[in-house]
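Construct the complete structure from the given sequences, taking the supplied hints into account.
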Amino acid sequence: MARGTGEPDDVTATAWRWRAAASLLVGLGVVLGTVVGHDRWWPLAPMAQYAFGVDPDGEIRSTYVEGDTTAGTTERVVFGMDGIGLGRAELEGQLDRVIADPSLLQAIAVAHSRRMPDQPGYTELRMKQRVSTLVDGDEASRDDVLLAAWVVPDPEDPQVLDR
Amino acid sequence: MTPTPRRSRNSATIKDFAKAPQRLNAWLFTEMPLARVALLRVAVFAFVVIDVLKLHTSGYFHGAADPVWYKPLVIGEILSLPAATLLMVGLLKWGSVVFALAAMTGKAPRALGWATAICWTWYQYVAFAYGKVDHDRADFVIALFLLPTVGLAHLSDERKSQAAGFALRAVQLAAIATYFLSSIAKIRFGGWEWVNSATMARAVVRRGTWVSDWMLDVPFLLHAAQWGLFSAELLSPVIFFLSERWRRRMVLAWYLFHVATYAAITIAFYPHLVMMLAFLPLEEYRDTAVSRWRRWRAARENQTT
Chain A
3 MARGTGEPDD VTATAWRWRA AASLLVGLGV VLGTVVGHDR WWPLAPMAQY AFGVDPDGEI
63 RSTYVEGDTT AGTTERVVFG MDGIGLGRAE LEGQLDRVIA DPSLLQAIAV AHSRRMPDQP
123 GYTELRMKQR VSTLVDGDEA SRDDVLLAAW VVPDPEDPQV LDR
Chain B
897 MTPTPRRSRN SATIKDFAKA PQRLNAWLFT EMPLARVALL RVAVFAFVVI DVLKLHTSGY
957 FHGAADPVWY KPLVIGEILS LPAATLLMVG LLKWGSVVFA LAAMTGKAPR ALGWATAICW
1017 TWYQYVAFAY GKVDHDRADF VIALFLLPTV GLAHLSDERK SQAAGFALRA VQLAAIATYF
1077 LSSIAKIRFG GWEWVNSATM ARAVVRRGTW VSDWMLDVPF LLHAAQWGLF SAELLSPVIF
1137 FLSERWRRRM VLAWYLFHVA TYAAITIAFY PHLVMMLAFL PLEEYRDTAV SRWRRWRAAR
1197 ENQTT
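So the protein sequences, as listed, match chains A and B. Going by the numbering used here, the residue at position 140 of the first sequence is 142; the numbering climbs one at a time, nothing skipped. Going by the numbering used here, the residue at position 99 of the second sequence is 995; the numbering climbs one at a time, nothing skipped.
Calculated directly from the structure, the hints in this document are not laboratory data. On a predicted model such as this, the values are computed, not experimentally measured, just so you know. We put the CB at the ideal spot given by N, CA and C, even for glycine. Take these hints with a grain of salt, some might be off.
As the list claims (entries may be wrong) - Below 30 Å or equal to it, Euclidean Cα-Cα: the simulated DSSO-like pairs (lysine-lysine) are: (1) B:K1003 with B:K989; (2) B:K950 with B:K967; (3) B:K915 with B:K1003; (4) B:K989 with B:K1028; (5) A:K130 with B:K1028; (6) B:K967 with A:K130.
What the hints assert, rightly or not - Some chain B residues well away from chain A (every beta-carbon gap over 10 Å; in silico): (7) I946; (8) P978; (9) G1104; (10) A1149; (11) Y1166; (12) Y1181.
What follows is the structure, given as C-alpha cells:
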C-alpha cells in the first residue's frame, strides 16, 4: 500500500489508548522534571540552559587539574579526546565525587600513561579551582583553591585501583 | 430563509467546556498529510547522520574515558546501562548513521525508525552520563520515537491520516514545551529576578562574537533582550491559538531568534530547529519549489531553442 493508494492505517481504539497513555506519562514526566527534577532525569531534565542568574558582584569559578611529573615538572592535565576522555565541564559536574574520594584522580594518571607512554608520568595530581571575584562585573581579584589531591602510587606504571 | 441565531464567539457556555475533551481529541488527531510526515522524517534522519558525525561528538570520546567517570543517569540505572567503551560508542555512532540512512528510503519505517531512535538516544545518554547534560536534545527523542508510529508514508503520498496528525501535533507540542518549560526553569533556578540578572552579559563575555561584543557597552540592550526572551518563552503556547498565517510568522520569528543567538554566542539548538519544521506545510513548499524550478527550466529551454 505505498504511493498514496487506498486508506491509510488509521488510529484504532487500541492505538488511541496507548497514544493517550504515553502522552499522559510523558507529559507528567516532563512537568515533574521541570518542577522538581534535575539533570540526572534526562531526557526529562529541566530546561535549565542559561536559567541561572549571574550576580555582578559574585564569583566565577573555573576548574583545572595539575600534575607533578616524574621529570620534576608541573603541568596542566589536558581534557577531552586527546586527554582524559572527559571534558572540563563534565569534571565540574562531578566535583563532589572527587572531593569525597580523591583516589578517582588515579584514573587520570592511568589514562595519561596509556595514551602518552613517552611522556613522564604523574606523581601527584591536584584538582584546583581558580576563583575570580567580580565587583560590578569586573574581575577584582583571583585566587587558586585546592579541592583534592592524590599521590599516585607507582607513577612510572600507574594501575587502575580496585574498587 | 430564517436567520439562525448567532452566538458571539467569546461567550463560552458550560456546554462548550463539557465538550473540551472531545475538541482536544479532535485537535490532537486532526488528519494531516502523510507526505508531510515523510518529508519531516527525511529531515530528522538526515539530521541524525550529520549530528553524530559532525555536531555532537562528546559521546564518542567517552568511550575512551575511564569507567570511574561514568555517572549513570536515572534512566541508565533503571535499564542498567553500562559505562561506555570504544566498541560501544562505535556501534552506537555507526548504528545511528546506518539505520538513519536506511530509514530515509522510507522502507520498514517502524523497524528502521525505532532502531535509529534507540541508537541515537543511547548515544546521547553516553554523552550526558559523564557529568554534564545538554538541554536542547530531549524533545528530539520524542520526534524519533513518534515518527515511526505513522507507518508507511511516501514522499508523494496524497493521503491524510490521523496517525500522521497525532505525530506532527506531538512534535509541535514537544517543541513549544521546550520554550515554555525553559521559562519555568528560569523562574525555578534563577527566580523572577532572572530577567534583571547578568545572564546574557555573562554569556556574551564567555562566548561573544563580533556581532555581539559591542552589546556589552549597551547594557540596556542585553537587559531588554532578557525580558523579551523570557516573555516569548512564557507566551510560546499562544502559537496553537493563532491563525495559520500568524502561526507560520511565529515559527519564522523563532527561527530568526535562533539565527540571532548563533550570531551572538555561537550556540544553536540544532535538533530543536528540525522539530520546528513540524509546524510547516512541508509538502506544499516542496510542490511550489518543484513547479517553480520546472517553469524556470522550461523557460530556459524555450530561450535556447
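Structure-based check of each hint:
1. B:K1003 with B:K989: holds (21 Å)
2. B:K950 with B:K967: Status holds; Cα separation ~25 Å.
3. B:K915 with B:K1003: violated (40 Å)
4. B:K989 with B:K1028: holds (19 Å)
5. A:K130 with B:K1028: holds (19 Å)
6. B:K967 with A:K130: holds (21 Å)
7. I946: holds (19 Å)
8. P978: holds (15 Å)
9. G1104: About 14 Å separates G1104 (chain B) from the closest Cβ of chain A, which puts it past 10 Å; holds.
10. A1149: holds (19 Å)
11. Y1166: Given that every Cβ of chain A is farther than 10 Å from that of Y1166 (chain B), nearest at about 14 Å, it holds.
12. Y1181: Holds: least Cβ distance 18 Å, greater than 10 Å.
The structure is inconsistent with hint 3 alone, although it conforms to all the rest.
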